[in-house]
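Student: Read off the chains here:
Number of protein chains: 2
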Amino acid sequence: MRDLYPSRQNGQFDILERKDPVIHTDRSKDNQAPLSKEQLDSYEKNGFLQIQDLFSEKEVRDLQNAIFELQDASRNSDSNKVVREPESEEIRSIFHVHNDDSYFKNVANDQRIIDIVNYLLGSDVYIHKSRINYKPGFKGKEFDWHSDFETWHVEDGMPRMRAVSVSIALSDNYSFNGPLMLIPGSQNYYVSCAGKTPEHNYKESLRKQTLGVPDQDSLRWLTENGGGISVGTGKAGTVTLFESNTMHGSSGNMTPYPRNNLFMVFNSVENQLVQPYSGGKPRPEYIAVREGIRSRLGA
Amino acid sequence: MRDLYPSRQNGQFDILERKDPVIHTDRSKDNQAPLSKEQLDSYEKNGFLQIQDLFSEKEVRDLQNAIFELQDASRNSDSNKVVREPESEEIRSIFHVHNDDSYFKNVANDQRIIDIVNYLLGSDVYIHKSRINYKPGFKGKEFDWHSDFETWHVEDGMPRMRAVSVSIALSDNYSFNGPLMLIPGSQNYYVSCAGKTPEHNYKESLRKQTLGVPDQDSLRWLTENGGGISVGTGKAGTVTLFESNTMHGSSGNMTPYPRNNLFMVFNSVENQLVQPYSGGKPRPEYIAVREGIRSRLGA
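If you read the protein sequences in the order shown, they are chains A and B. The opening residue of the first sequence carries number 1 in the working numbering; numbering runs sequentially from there. The opening residue of the second sequence carries number 1001 in the working numbering; numbering runs sequentially from there.
Since the hints were derived computationally from the structure, they do not count as laboratory data. Be careful, since some hints might not be right.
[To be verified] Simulated DEER-style distance windows between Cβ atoms:
1. B:1089 / A:45: 34 to 42 Å
2. A:61 / B:1021: 43 to 51 Å
3. B:1074 / A:90: 39 to 47 Å
4. B:1052 / A:115: 44 to 52 Å
5. A:11 / B:1089: 26 to 34 Å
6. B:1227 / A:84: 29 to 37 Å
7. B:1075 / A:53: 48 to 56 Å
8. A:45 / B:1087: 33 to 41 Å
9. B:1228 / A:81: 48 to 56 Å
10. B:1089 / A:90: 32 to 40 Å
11. A:34 / B:1062: 53 to 61 Å
12. B:1052 / A:61: 46 to 54 Å
13. B:1072 / A:86: 56 to 64 Å
Since the model is a prediction, treat every value here as computed from it, not as a measurement. We put the beta carbon where it would ideally sit given N, CA and C, even for glycine.
Go ahead and model the full structure; you've got the sequences and the hints to work with.
Tutor: Pasting the structure below:
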């Protein structure tokens, strides 16, 4: 199959146009959407959307308790789904929680989220991946700029831009504690990256992103041709939806305030994974996602 | 002389009360001040104050041009007043510009600044130090939390809290490009730090701060007992005045937007430097400041 979004082919950095819609349901059906026309316009233009108050205060408190219960329970785990800080043993992320934990399985199936995601992707969906991010005070490391789609395409074999990330803030996100930074409009451009993915890169890249990071010229171009930089601040419970190709990153957190979130990626069932475009082998956990765990939601 | 503010004496971290006023002119004279009562209240309460539009747009443009002219002229300098990025040769700071450069000498003598500083410090003043900070896009490193006074006290021999820093933003400071972060109210507490200063520490500490950084408990205590964290955003030309003991730091800058400023520290002539409290020798350049360069301004 022709690779519509080549990257890491040992070539130069390049900027290609997006070949997929941002909203996969025809806009003539806006009046049936679980989002307002203004929300849909904003998502289509900027590549992301924040929703306050989707969850009740009690639901947010329950979610906050649940992530720390799971962190405690995972303290001595040697699972490769538990990722620790580069310079300490503190747990930075726990992966695959939509499948491994019955509480988070229910969250991933929450009808309010599924309705929105089904509409944006124009089909049934399944969870491509999920994780809890713990960004503790003082020690939270930065995540460099990247398009998730670039990684999923090259390393996981996701063919098209038809996925959406849902991040639920589980601590108050200020401008100063390493919040999500997004480049509005960047979802419309694909930065084809230089370099070549080594085998087993994913183990390292979960700890520190290096490959798939655009060069400075591309990032400057995206901010100048898009809408600069937006910062995803908001109180705990704020839901941020962002398109798979929206360029984003986050600064380190040197304040006492932690930044925790639950992160779930929904992919269209019509966009299932194929052989990774790097020519490498599929990651074991994604074979599982494809063959077993796929949960047909909505519809 | 008894050390009112001991630190780095190989002891534990401790929080001491401030023993000096924040504003050194009696508040009964507010009506003679070059600042409004609201501005004085805010500075006294928070330990810092931002002023927009002290300089005209043309003055700001001239300042912006002047810092890059000096950076160009210093490109091949091997002076120890030119400090470079830890991981590259890019110029991060140029020190002592109030004395070495006729243009910046005039800026340091600007009557609008001198009037304010004279009032806050309740005496004539002189420049303790000055520098231009270049925080380029993408590569700007973080500055960890510190009180300038702690460093100046221990390493330079500044006896009392009677100095004020003036930072003139020379690029637009957003919340996301590594702006100054301050802890409001922290000027009222002195964090006595653990550790011991090695000789010649200053050469290393200009590149990466390690000693004089409070522990996490002290920082958490300051944010909880003060006003959290404030971020010094504002367009180019914004002047930020902050008290010598106000706890501050800044995150790294991974955006394309640079963050440059001119930084000048004014000390009261009644607070001149003595033997450093670390027991070390005075830095050569501060002997020069004390014996030669001291410029009696104002009055």
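Student: Please test the hint of 33 to 41 Å on the beta carbon pair from residue 45 (chain A) and residue 1087 (chain B).
Tutor: 37 Å, holds
Student: Go ahead and decide if the range 48 to 56 Å is satisfied by the Cβ distance of residue 1228 (chain B) to residue 81 (chain A).
Tutor: About 35 Å separates the Cβ atoms of residue 1228 (chain B) and residue 81 (chain A), which means 48 to 56 Å is violated.
Student: How does the Cβ-Cβ distance of residue 1052 (chain B) and residue 115 (chain A) compare with 44 to 52 Å: does it lie in that range?
Tutor: Holds - the Cβ-Cβ distance for residue 1052 (chain B) and residue 115 (chain A), about 46 Å, lies within 44 to 52 Å.
Student: Would you say the C-beta atoms of residue 1072 (chain B) and residue 86 (chain A) sit inside 56 to 64 Å of each other?
Tutor: 37 Å, violated
Student: Between residue 1052 (chain B) and residue 61 (chain A), is the Cβ distance one that fits in 46 to 54 Å?
Tutor: 40 Å, violated
Student: Has the hinted range 26 to 34 Å been met by the Cβ atoms of residue 11 (chain A) and residue 1089 (chain B)?
Tutor: 29 Å, holds
Student: Within 53 to 61 Å or not, the Cβ separation of residue 34 (chain A) and residue 1062 (chain B)?
Tutor: For residue 1062 (chain B) against residue 34 (chain A), whose Cβ atoms are near 54 Å apart, the range 53 to 61 Å holds.
Student: Take the C-beta atom of residue 61 (chain A) and the C-beta atom of residue 1021 (chain B), compute their distance, and say whether it sits inside 43 to 51 Å.
Tutor: Given range 43 to 51 Å: holds, Cβ gap about 44 Å.
Student: Mind checking the hinted window 29 to 37 Å against the Cβ distance between residue 1227 (chain B) and residue 84 (chain A)?
Tutor: 33 Å, holds
Student: If I claimed the Cβ atoms of residue 1075 (chain B) and residue 53 (chain A) lie 48 to 56 Å apart, would that claim hold in this structure?
Tutor: 54 Å, holds
Student: Is it true that residue 1089 (chain B) and residue 90 (chain A) lie within 32 to 40 Å of each other by Cβ?
Tutor: 34 Å, holds
Student: Does 34 to 42 Å hold as the CB distance between residue 1089 (chain B) and residue 45 (chain A), or does it fail?
Tutor: This hint holds: roughly 41 Å between Cβ atoms.
Going through the hint list in order, the structure does not satisfy hints 9, 12 and 13.
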